[in-house]
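Undergrad: In case you want the letters, here they are:
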Amino acid sequence: MTRISPARVALYVISALVLIYLILPVLIIAPISFSSARFLTFPPPSFSLRWYEQYFANSAWMQATRVTLTVALFTVVIATPCGVAAAYAISQSKLRVMRVIHMALLLPLVVPIIITAVGIFFVYARVGLVATMPGLVLANVMLGLPYVVISVLAGLQSFDPAQEMVARSLGMNRLRSFFAVTLPQIKSSVVAGGIFAFISAMDETIVALFISGGQYQPLTKRMFTALRDEIDPTIAAISTLMTAASFMLVLAASARQKRSG
Amino acid sequence: MTSGPDPSQKHQRREHGLMLALVSPALLVILLLIVLPVGWLAWQSIYHDGLTLENYRRVFTEDIYWRSFALTFEISLAVTVIALLLGYPVAYLANSVSKGWSILILSLVVLPFWTSVLVRAYAWLALLQRTGVINQFLRYLDVISEPLAMVHNTFGTVVATVHILLPFMVLPLYATMQKIPGDLMQAGASLGASPSLTFFRVFLPLSLPGVLAGCTMVFVLCLGFYITPELLGGGRTVMVSMLVSRNVELYNQFGAASAVAVVLLLSVLAIFFAVSRFISLDRVLGQK
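Heads up: the protein sequence lines correspond to chains A and B, in order.
What the first sequence shows, in this note's numbering, is residues 1 to 261, in sequence order.
What the second sequence shows, in this note's numbering, is residues 1 to 288, in sequence order.
Treat the hints with caution; some may be incorrect.
Said to hold, decoys possible - Covered stretches of chain A, going by a simulated chain B footprint (3 or more residues, C-beta under 8 Å): (1) 49-59; (2) 130-137; (3) 141-154; (4) 213-226; (5) 239-252.
Everything labelled a hint here was simulated from the structure, so no lab data went into it.
Cβ atoms here follow ideal geometry from the backbone N, Cα and C, with glycine treated the same way.
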């Protein structure tokens, strides 16, 4: 019989506690959102949908939701092709400057977001892009680009560029051979990159705090302001919906990547 | 054919041109929206009706700036150490169990990754408040008679920050541990070493690159944290990022805000540079 050492038992217990610490906050949101009480109370009071009703009946929350979804959608539509083109060029080109450009495209991950936010605010203030939709979309495109570039570069790593050469030697031009041969094979990493850009735009808060305003305020900005003032369970309802949405997107992205792998 | 460029050279030049054209939209976005704004900040920090170092003098001599930088580094250090102590056992366990269990453990680790930082701030407020879940539960059990102050202070900030940054510690640790050959541990055991001796003499040193990668990421991300200390710190835990935003939003001190931002950015870059001498930066950034 194998005996389990005390060190091993300690390892199990500590790890279990850490995992509970990690997932408890994620799990606590949904019960609060479906509870009739303002806080999770013992014993739990009745089940209720009133916080969801309050969210869907509130025109400010609805407007903010529309802004968030529109921004996220435009972000994906712009960031994905730009990111795919850049990743393709970085992987194909032998130019030395491409290494520098590759690093530059990852800058949004390196520079602390508060610095980016304040910097964009100053530039936008000069050119009149504060509190506008294009300003918000552009900032999110910049923040989403690294995710597309990283994902597509990873996809291109397992792709043999000789295949595209064959297609071209058979008379296809470069553009057609890219769409006919290369793109279908890296499709899943392109989709995954786009989904990550969408989620990043949906969650982005700090830049929006500085540059959005008026009727163009995304959900996260309104949630942040609401959270600073009081803990309203309407936010638990919104949080539950946001979490469900981003989980479904992540599952879709990872399912696609598995199929390609 | 005596004049004109070599056709293969011409072809190559066209190829280079095409590749540069393909990266240019993305590069333009990056130049306009991050390089230019950060450059603007740097300029604004030294220029106000002429070149001046006044803003930097204030950052380095005035008490509130100094205190805020010190507090931010202290909190980041504490968060990094706690995340390492909590993350190492989890990564070790995930590495030492069967594939199915390890996938389950890693999924639980990255699960909170995909919930918004705001959602998690809300969750911690609901859990740690005076009228929150934990206080109510402890009173229900008669463990305490007065609610504990666990939020709107540094404690709440650290608890929530570690929660957000823990995956950035576990993932590089796990990736490094996976590359340590199991034979080495068996060799240690066959030579008569106890499991704990093999761990400390063989496994731990070999996992150090992962420790360095994880600690760097957690520390650097924590330096720039804004939402969590703002919502859970209760206005008392003023981290550097809050100093930047307050100087812009409340006091209209753009020069001071810019100088603080530049010092923060230089700290981050210096850390990345120092770490890059020991391990490849791809290894650090690859986890994000």
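Undergrad: Hints first: check each against the structure and report whether it holds.
TA: Going through the hints against the structure:
Requiring three or more residues with a Cβ within less than 8 Å of a Cβ of chain B, the coverage given for the segment 49-59 of chain A is violated, as only 0 such residues are present. Interface restraint, the segment 130-137 of chain A with chain B: violated (0 residues with C-beta to C-beta distance below 8 Å; minimum three). Chain B is given as covering the segment 141-154 of chain A, and this holds because 4 residues of the stretch bring a CB closer than 8 Å to a CB of that chain, at least three being needed. Given a C-beta distance limit of less than 8 Å, the hint that chain B covers the segment 213-226 of chain A holds, as 3 residues qualify and 3 suffice.
Figure legend: the segment 239-252 of chain A, annotated as covered by chain B; annotation consistent (6 residues with Cβ-Cβ distances under 8 Å, at least 3 required).
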